[in-house]
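Each chain is listed here by its residues.
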Amino acid sequence: MKRLLIIALAVATVATGGCRRRTTEAEAYKDAVPPPEEPMIRAVATPGRHGGRFVLGQTIGPKSFNGMMATETSSTDITNLLFTTLVAFDNASQKFGPELAKSWEVAPDGMTWTFHLRKGAKASDGHPITAEDVLFAFDVAQDPVLHPYVQDSLRVGDEKFKVSAPDPYTVVINTVKPNSALLDILCVGGLVIMPKHTLESAFKDGSFASAYNVGTPPDKLVTTGAWRLGQYTPGEKVVLTRNPYYYGFDAQKQRLPYLNELTFLLVPDQDAADLKFRSGELDGLDNVKPENYKWYEEHQRDGTFTLYDLGPANNAYFFWFNLNKVQSPLPGEKLPAGKKVGDTFTDPVKYAWFNDVRFRRAVSMAVDRDAMISSVFFGHAKKNFSLDTPGNTEWFFPDLPRYDYNPVEAKRLFASMGWKDSNGDGVLEDTHGNPITFTMKTNADNIIRVGMANFVKDDLAKVGIKVILTPIDFNTLITNLRSDLQYDSILLGLQNSVPPTPGNGQNVWRSSGESHEWFIKQHKPSTPEEARMDQLMNEILTTQDIAAQKKAYREMQTIVSEQAWMIWLPVLEIKLPVSNRFGNVQPSIMAHRLLWNIERLYVKPRES
Amino acid sequence: MTEITPPEPLAVETAKEAVEVVAPQSPGVVFWTQMKKSPLAIAGGILLVFFYLLAMLAPFVAPYPQEQMDRTKYFHPPQGLHWIHADGHFSVRPYVREERLFDVGSFEYREDPASELPLKFFVRAGPIHILGLIPTSIHLYGVDAPGRVFLLGTDSFGRDVVSRLLYGSQISLTVGIVGIAISFTLGLLLGGIAGYFGGWADTIIMRITELLLSVPSLYLIIALRAVFPVDLPSRQIYLGIVAILAFIGWAGLARVIRGLVLSMRKSDFVTAAEALGFSRLRVIARHVLPNTMSYVIVAATLSIPGYILGEVVLSFLGVGVQEPSASWGNMLNQARSIRALTTFPWLLLVPGTAIFLTVMAFNFLGDGLRDALDPRRVSGGKA
Amino acid sequence: MRTYVLRRVLQTIPLLFGISLITFLLLQLAPGDFLNQMAENPGISAETIEAMRLRFGLDQPWYIQYGIYLKNVILHFDFGESFARHQPVFEVLQDGFNNTLILAGAAAVITWGLAIPLGVLAAVRQHSWVDRTLSLVSFVWLSIPEILAALLLLMLAARTGWFPVGGMRSLDYDDLDALGQFLDILHHLALPALVVGLIPLASRMRQMRGSLLDVLRLDYVTTARAKGLSERVVITKHALRNALNPMITLFGYTLGALVSGSFIVEIIFSWPGLGRITLDAILQQDQYLVMGAVLMASLVLIIGNLIADLLLAVADPRISYD
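Chains as they are written, first to last, in our numbering: chain A, 1 to 608; chain B, 1001 to 1383; chain C, 2001 to 2322.
In short, the hints are calculated from the structure, not lab data. Model, not experiment: these values are computed from the prediction. Don't be surprised by glycine CBs; every beta carbon is placed ideally from N, CA and C. A hint or two may mislead.
Said to hold, decoys possible - Computed footprint of chain B on chain A; a stretch qualifies when at least three of its residues, placed anywhere within it, have a C-beta under 8 Å from a C-beta of chain B:
1. 113–125
2. 217–228
3. 584–593
Claimed, not checked - Only pairs whose alpha carbons sit at most 20 Å apart, straight line, appear in this in silico EDC-like list of lysine to aspartate or glutamate:
4. 382/A with 399/A
5. 1120/B with 1098/B
6. 334/A with 2131/C
7. 196/A with 143/A
8. 462/A with 1067/B
9. 457/A with 368/A
10. 466/A with 1067/B
11. 466/A with 1108/B
12. 334/A with 2050/C
13. 294/A with 1103/B
14. 521/A with 2050/C
15. 382/A with 484/A
16. 1036/B with 2214/C
17. 466/A with 529/A
18. 334/A with 562/A
19. 457/A with 1067/B
20. 575/A with 302/A
21. 383/A with 458/A
22. 466/A with 409/A
23. 550/A with 394/A
24. 122/A with 205/A
25. 457/A with 1108/B
26. 420/A with 394/A
27. 102/A with 250/A
28. 294/A with 1108/B
29. 220/A with 2091/C
30. 462/A with 1103/B
31. 382/A with 309/A
32. 220/A with 250/A
33. 604/A with 281/A
34. 160/A with 2131/C
35. 1037/B with 2131/C
36. 411/A with 281/A
What the hints assert, rightly or not - The calculated label-pair distances, taken between Cβ atoms and stated as ranges, are:
37. 2076/C with 535/A: 51 to 59 Å
38. 1132/B with 334/A: 56 to 64 Å
39. 1110/B with 300/A: 48 to 56 Å
40. 1147/B with 356/A: 40 to 48 Å
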């Protein structure tokens, strides 16, 4: 043991003496590149200075640096910084603004959109970015073989949007039908502009999908956004450095980003990220487990960091019952084995319960959300009764109908359905004598979801319904949810996209949507209420009048609430710590909480 | 991954030694004289008997059902037992104090000094079935309602940790027993067949074991876990876990048994048995396998910790026994967070200690058994 | 000897074939496939997923997929591409493999560096308190669940700041000189290697002790003692050398387990090894990546066993392979 101790001690002493943080100190940056003809001036709270490094934790490493093909957030969080978009979405004001397009207008027909590109914009190798690159982006996005996920938003039915470039700095998009949601897919998270001059050959020879992969040398990875790739060590870190040609500036004519380096350190889980923040290795966390908020609240008094309270998250937890029915198969599809059109996927006995709005409302009223908040969320959650949360300043309606905790009323509703416990075993029976019991699935790796499901089970037992909890593997859950439809009820969460607009929620609200969870991909609306919702969605997409859009959306959300298809659970309040060494820190409740304005962060001068 | 592969390196070592060993001369006497020399092994054995008894009687010993929540008592710390009344007098019957949530955010509880909840034995509480058969509502201990007793605290749902530990032990302690029952049956049978018959049976069985042994066990577990339908009631998940572990475990044993049998086949007593016209199967079952028993007993004892720790690893990978059922593995893994470690340490330490003690007891017992069953070590010890 | 090695090498081919077939079958039996998880992302449509399924060849029946895989492996030595990373499988595994070897190597140094001297000590002082204490301590350590030990050490690192909280390199690694880089990795390596290394210590120590005790009973040792040589000389010059032979073989066998032995610890200590990559690949059903990882780990195991058998032949002249 002695030998071991000595080794350990030697290592400890050497390492504490040997570590130097070099790049964290601000260093003068000489901007050698002349500003473009039409620079983009970003408003900043405090003008910063160049230099320094910001280190952020990431639990899963990027899988690709190809902004067009990347699908999961671990990659897109980074590609969003590497590649520009036509328009910007400002997380703080929740409005669209200029980015590569300095301005745009829409013709009165609601279909013809004209974008004016910024003159002098350059990629990270100094090559100009023009309408050519935008057309290339559309070509790639609309390619039938590659089929990037953005493709489905760039067409109406089978008809693609028509795109043309009358001159190198003008792009005209014709959306075939009036489409008020076009900007939603031209900003962050939508169509990225990747440099045509480096990628065209790959596109032509069919290797585009594996171009810009994680093995591509950084100097070959030409980018169009504020950042470029500095270094990627698999399993360890991703380092982004500034794009010296970026067209964004502050009002003092200093080129953005201010920081020399943005580092994503890969950590195995949130707890590890937490420890690394506490030991000073990370400068900010964009996710903290609610159980750890208290530590940060107490320790921010030391003055090294601030815990920003962002309010309820921009996502919702809920559970729903399986109302899927077998539909007549589309060409190329087969009927599920042993089923015929009109059959239910759950037990028809259970379907009859689930399909009764009184049952769904009563279940919602049996759930004690306050108890969940104090246990599962450690007190850091708010009750909320829609997919949109208060952080969504444009589309959140606080006064929708709600079915909050009221076990007495829940029992009354069950009784009104003719259900009673006739054999005295504590479980209700329906009018045919079937005991009311169903299974609830959720993904086992999510402690918060399993915890809430535990409460639902306990709460429903109190009103005479037996819930069998089956936490399962996420992959299996998704198979149940999307393919085989084998479940009674599922508890999951949905994250609102950015921007959180009705147009981006079509997959949930339209009866034909993939995420219309209780009955997915309906060929035609199965209820009058869902037909009305489809109609309202069409109204929203065809009018440019915001007030009319809001009125329609409110009606749609009222229907969702009254039908209690989705039984809403509490929403986590987001608090996140960021080191006080940085200026212009303005975390947002929308996705990319810390990253959305990362190019405006700077290292504050030392106070001496 | 030492604790995954049931035939431990320890077991392999025994195998090597046992191969060279002939049956002990007066087994019973030698065994007991040797066992007495290792008090740790005896202590381990006693501890295990105690643990298994507790597991069998879990519903009776546990004051509450494992899933019962108390919504006023999340993260309740373990209650201290008091022996002195508030007025300074000694109390023959220990009591616990009612503790109330003092600070909601930090789950800080304060004792109510005025309250006394005397700990009573053989109290009436919820109906249960002891050993799954005897219906009763008598529990070993409890306090008068509405008071609650949490001798080892509660978890995030206000569930009694003692009760969860006891119900969890029914899973964690039997995983090993059922596991070795499966893997040893397979290993003995297939190893015996391979060693005794040789030829194509030997070739096929040995190729299969080679295949199983060539894939690192953890990779096999994870791959198997993906196949294994997780959409099952807890009890079946549990059986599935055991099956996975056992399926991986038998190959190593089969190889050792084959070696033992191979060396024994040549021995006089087998030749004699065959000469007397006994069938081959009978010779294997009645004469050859019993001679491998001392090795098997030791190997089995030393393999059980592998299964217990294997269950923990499966929970770590998210495929163990699922909520709301308890197992030591899932209790340990649910407490695997900074907050639990710093503020609610009992959530980690209670299952951690239970696993640690059990595994250690098995290791000591197995080690003692090995010394006791190995005659060469006896002489070696005296030299 | 040469024929033996050749035969053993040839034997691994059907073995690897069997392993690949089993792994592939298991992957196919698991519910869903790689594209499944994408279906959860609201932004990705069914058409996109169908298009990808076609592109990855996942629409084919499994035997066709496996056939194509085998053909590519045999004809082009092409082990496929990771679905998630769009990168050849071995490119993905390479760094992880090296890092795992570093951790496993350090752990082996700890295990054997402690096991041999302590085992000798225990054997020489058989039945003394030293012997008993050593055996007790090593058994106690053996009984601590790896996950618990790793977690507690990680917390210790966080509390005291003596060690980094996981990871393999500091952020400023690239700015350090060669010695600094070496020490930096060593600093990160200390705790995970300790956890991985101490687990097998109990058994190795006991094996060393047993092995030496066996030798000490042999005639030539008695002869040496009778000649009046000091006990120290008897042990170091004569007994130890022979007692080490079986340990060398054992070392070979454990070589093979190195790659998978640190799986859990790698994950807890964010060590960028094969563990994390493989676990993610399995969870995502990134099938060719899983195949590559399993084959690689199995190959190491097989090679380890081969080396062990050869070492045995070298160490023990009585054994010869033809």
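Here is how each hint holds up against the structure:
no.: 1; hint: 113–125; result: violated (count 0)
no.: 2; hint: 217–228; result: violated (count 0)
no.: 3; hint: 584–593; result: violated (count 0)
no.: 4; hint: 382/A with 399/A; result: holds (15 Å)
no.: 5; hint: 1120/B with 1098/B; result: holds (15 Å)
no.: 6; hint: 334/A with 2131/C; result: violated (71 Å)
no.: 7; hint: 196/A with 143/A; result: holds (15 Å)
no.: 8; hint: 462/A with 1067/B; result: holds (14 Å)
no.: 9; hint: 457/A with 368/A; result: holds (11 Å)
no.: 10; hint: 466/A with 1067/B; result: holds (13 Å)
no.: 11; hint: 466/A with 1108/B; result: violated (33 Å)
no.: 12; hint: 334/A with 2050/C; result: holds (16 Å)
no.: 13; hint: 294/A with 1103/B; result: holds (12 Å)
no.: 14; hint: 521/A with 2050/C; result: holds (15 Å)
no.: 15; hint: 382/A with 484/A; result: violated (34 Å)
no.: 16; hint: 1036/B with 2214/C; result: violated (23 Å)
no.: 17; hint: 466/A with 529/A; result: violated (29 Å)
no.: 18; hint: 334/A with 562/A; result: violated (35 Å)
no.: 19; hint: 457/A with 1067/B; result: holds (10 Å)
no.: 20; hint: 575/A with 302/A; result: holds (17 Å)
no.: 21; hint: 383/A with 458/A; result: holds (19 Å)
no.: 22; hint: 466/A with 409/A; result: holds (18 Å)
no.: 23; hint: 550/A with 394/A; result: holds (8 Å)
no.: 24; hint: 122/A with 205/A; result: violated (25 Å)
no.: 25; hint: 457/A with 1108/B; result: violated (27 Å)
no.: 26; hint: 420/A with 394/A; result: violated (45 Å)
no.: 27; hint: 102/A with 250/A; result: holds (16 Å)
no.: 28; hint: 294/A with 1108/B; result: holds (12 Å)
no.: 29; hint: 220/A with 2091/C; result: holds (18 Å)
no.: 30; hint: 462/A with 1103/B; result: violated (28 Å)
no.: 31; hint: 382/A with 309/A; result: holds (13 Å)
no.: 32; hint: 220/A with 250/A; result: violated (28 Å)
no.: 33; hint: 604/A with 281/A; result: holds (18 Å)
no.: 34; hint: 160/A with 2131/C; result: violated (80 Å)
no.: 35; hint: 1037/B with 2131/C; result: holds (15 Å)
no.: 36; hint: 411/A with 281/A; result: violated (53 Å)
no.: 37; hint: 2076/C with 535/A: 51 to 59 Å; result: holds (56 Å)
no.: 38; hint: 1132/B with 334/A: 56 to 64 Å; result: violated (45 Å)
no.: 39; hint: 1110/B with 300/A: 48 to 56 Å; result: violated (26 Å)
no.: 40; hint: 1147/B with 356/A: 40 to 48 Å; result: holds (41 Å)
Comparing the model with each earlier hint shows violations of hints 1, 2, 3, 6, 11, 15, 16, 17, 18, 24, 25, 26, 30, 32, 34, 36, 38 and 39; every other hint is respected.
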